[in-house]
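Student: As a plain string of letters, each chain reads:
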Amino acid sequence: MAKVPVQFTLNGAEKAEFIDSGTTLLHALRDKIGDTSPKGGCHQGTCGGCSVIIDGELRLSCLTLAETCNGAAITTASGLSEGGVLHPLQRAFLDAFATQCGFCTPGMIMAATVLLDHTPNPSRDEVVEALSGNICRCTGYEPIIQAVLTAARSNSQNAA
Amino acid sequence: MELRKSYFADQRKDDLHEIGQPRPRSDSPGHVTGKTAYFADRNFPGMLHLKMVRSPHHHARIRSIDISEAEKHPGVVKILTAKDVPHNVYTILILIQIGPEDETVLADGKVRWKGEAVVAVLAETERAAQEAAAKVKVDYEVLPAVFDMEEALKPGAPTVNEYHGRNYYLYDSGECRKVRFGDVEAGFAGADHVLEQTYQSSPIEHAPTETTGCIVVPEGNDRFTCYTNTQAMFFTLDNASIILQMPGNKLHFVGGTVGGGFGGKVDVIVEPIAILGAKLTGRPVSFIYSREEEMQISSPRAAEKVVIKDGVMNDGRIVARKVTGYTDAGAYSRHSPYGAQKGAGHYPGPYTIPNVWIDTYCVYTNRTPSSAMRGFGVTIGDFALEVQMDKLARLIGMDPLEFRFINAYRDGDMKAHRQPTEGAALIECMQEASRAANWPVAEKYLSMSSYAKGV
Chain F
481 MAKVPVQFTL
491 NGAEKAEFID
501 SGTTLLHALR
511 DKIGDTSPKG
521 GCHQGTCGGC
531 SVIIDGELRL
541 SCLTLAETCN
551 GAAITTASGL
561 SEGGVLHPLQ
571 RAFLDAFATQ
581 CGFCTPGMIM
591 AATVLLDHTP
601 NPSRDEVVEA
611 LSGNICRCTG
621 YEPIIQAVLT
631 AARSNSQNAA
Chain B
8 MELRKSYFAD
18 QRKDDLHEIG
28 QPRPRSDSPG
38 HVTGKTAYFA
48 DRNFPGMLHL
58 KMVRSPHHHA
68 RIRSIDISEA
78 EKHPGVVKIL
88 TAKDVPHNVY
98 TILILIQIGP
108 EDETVLADGK
118 VRWKGEAVVA
128 VLAETERAAQ
138 EAAAKVKVDY
148 EVLPAVFDME
158 EALKPGAPTV
168 NEYHGRNYYL
178 YDSGECRKVR
188 FGDVEAGFAG
198 ADHVLEQTYQ
208 SSPIEHAPTE
218 TTGCIVVPEG
228 NDRFTCYTNT
238 QAMFFTLDNA
248 SIILQMPGNK
258 LHFVGGTVGG
268 GFGGKVDVIV
278 EPIAILGAKL
288 TGRPVSFIYS
298 REEEMQISSP
308 RAAEKVVIKD
318 GVMNDGRIVA
328 RKVTGYTDAG
338 AYSRHSPYGA
348 QKGAGHYPGP
358 YTIPNVWIDT
368 YCVYTNRTPS
378 SAMRGFGVTI
388 GDFALEVQMD
398 KLARLIGMDP
408 LEFRFINAYR
418 DGDMKAHRQP
428 TEGAALIECM
438 QEASRAANWP
448 VAEKYLSMSS
458 YAKGV
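Sequences listed follow chains F and B, in order.
Counting from 481, one number per residue, gives the positions in the first sequence under our numbering.
Counting from 8, one number per residue, gives the positions in the second sequence under our numbering.
No lab work stands behind these hints: they were computed from the structure.
Warning: the hint list may mix true and false statements.
With a straight-line cut-off of 25 Å between C-alpha atoms, the simulated SDA-like cross-links for lysine to any residue are [to be verified]:
(1) K512/F <-> T132/B
(2) K512/F <-> F51/B
(3) K512/F <-> M405/B
(4) K42/B <-> I625/F
Starting from the given sequences, assemble the full structure and let the hints guide the process.
Tutor: Below, the structure is given as structure tokens:
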């Protein structure tokens, strides 16, 4: 099968690959480029485990064709911490015991990152709405919601 | 959280300062940075993908299997059928001498539930494996199926599983697990009221976000490394060793990181066939359930039916309890004979009742095999028992919490299965619950103790 070239930045670094046409971004990231932080829980756009940020917007990488991402800036959960220092959301998830099995965590953190980028001081309802596309089967939603609210508060304190 | 040490005379005296204090989870930093390595977060050059051809029928004889078209499909490397599996008929609890072996790795001559694995296809890509699986032709003769436990136990019902020869598990105690304590009929005869109720539950799927799967790598030293999300590493290794007729020292299992289990990842389903595929092709093999397989194929919690008959006095004492429990194993045993047995030990509940009769049956039907899930064998039973307790309290016009105080087991009480009660704390829990929930009970119940007899 003819390969198609795809080139984008992943967490700030240039990436280029030849892929089969029709390859999902999830597959390309995990199996070609080696960033396994997006998780494939359903491969049908319902669990949110594969969530990534493409040009500032939250996207499901299992429903996104890699070849449509040429020139895009892609962020994944593995690219949030800088120089070994956790991102405030990562810190808040840790402190709030917002992880159990951990499989939904990267997707949750992606959804929360986009929320706080657009809405730095969200209400609880806005947090719930922003996370509504991400399934946590361990049913730890309450600590996750608290973690996002805590991260928002610490961001606004730092900004003040 | 307050840790009270005043309840028990033999409470340990040392300072339990860890309890009530948060401690960071050691796995959290990996989770929040996306660095935690789940089994599927590994990729090996030349890795093959395994897809199953599954039965579309609940119960059918296999007349023939034709893999000739599938073999020609581009990308197909190997196709496995029952004859390729060294020890194809197995049962997981054989490790603790609970037989007979009653399940096939790949169906041989017959399928007993809709979704049963029949043929395994190994191909260069997931897509090629899927397309080739669709080209495998299986000729079935559909047989009558049974889906209801009571129907399955009736004479003349279709036999689900020939390895048992009857539609229930034969315990050493006979057709069911039995508990006999006191004289239950005399208890009913002397009771002020008798209440019999039936409770039923449906199968429940665990639905972990990470689907069941494994990746197997043939190593240069003639060993196989199996990266798996099983919840039962050594249990799976030992069963794989039996199924593959391969010494355990040829198998290296890597796991412990599970993207949600809830009991749904303790069956030995994906590993043996993936290891076999790696052995016969000499290449790494990935076998990962699709979301549809996770929901339809993986074992659910068993459906249960519980019939509870209680004799109760107007003063609140339960004087007799008879329970008949049915556990729907589906087509194969897996953990269900054990689950049904657990129910037998559990059914009197945390209550002291002088006359008890319990029968629990493990029943075979043409449904998806059920297995472990969070307290299987007792969870549905507890639901039934506690609803029954509320109904009994209502029947005699008593407060449901006070009714439980009257019947709560206390240290020294003999349980129906003849283990004396030790370390009971039900009274104290209910006293605390009464305060926490602001559900007042009479003072005499607040001065009760699991240790000291007499109200």
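Student: Next, verify each hint and record whether it holds.
Tutor: Right, here's what the structure says about each hint:
1. This hinted pair checks out: K512/F and T132/B have alpha carbons roughly 14 Å apart, not beyond 25 Å.
2. For the suggested pair K512/F and F51/B, the alpha carbons sit about 11 Å apart, so the restraint of at most 25 Å is met.
3. Note on K512/F and M405/B: the hinted pairing is violated, with a Cα-Cα distance of about 67 Å set against a maximum of 25 Å.
4. Distance hint between K42/B and I625/F is fulfilled; the C-alpha atoms sit about 22 Å from each other, no more than 25 Å.
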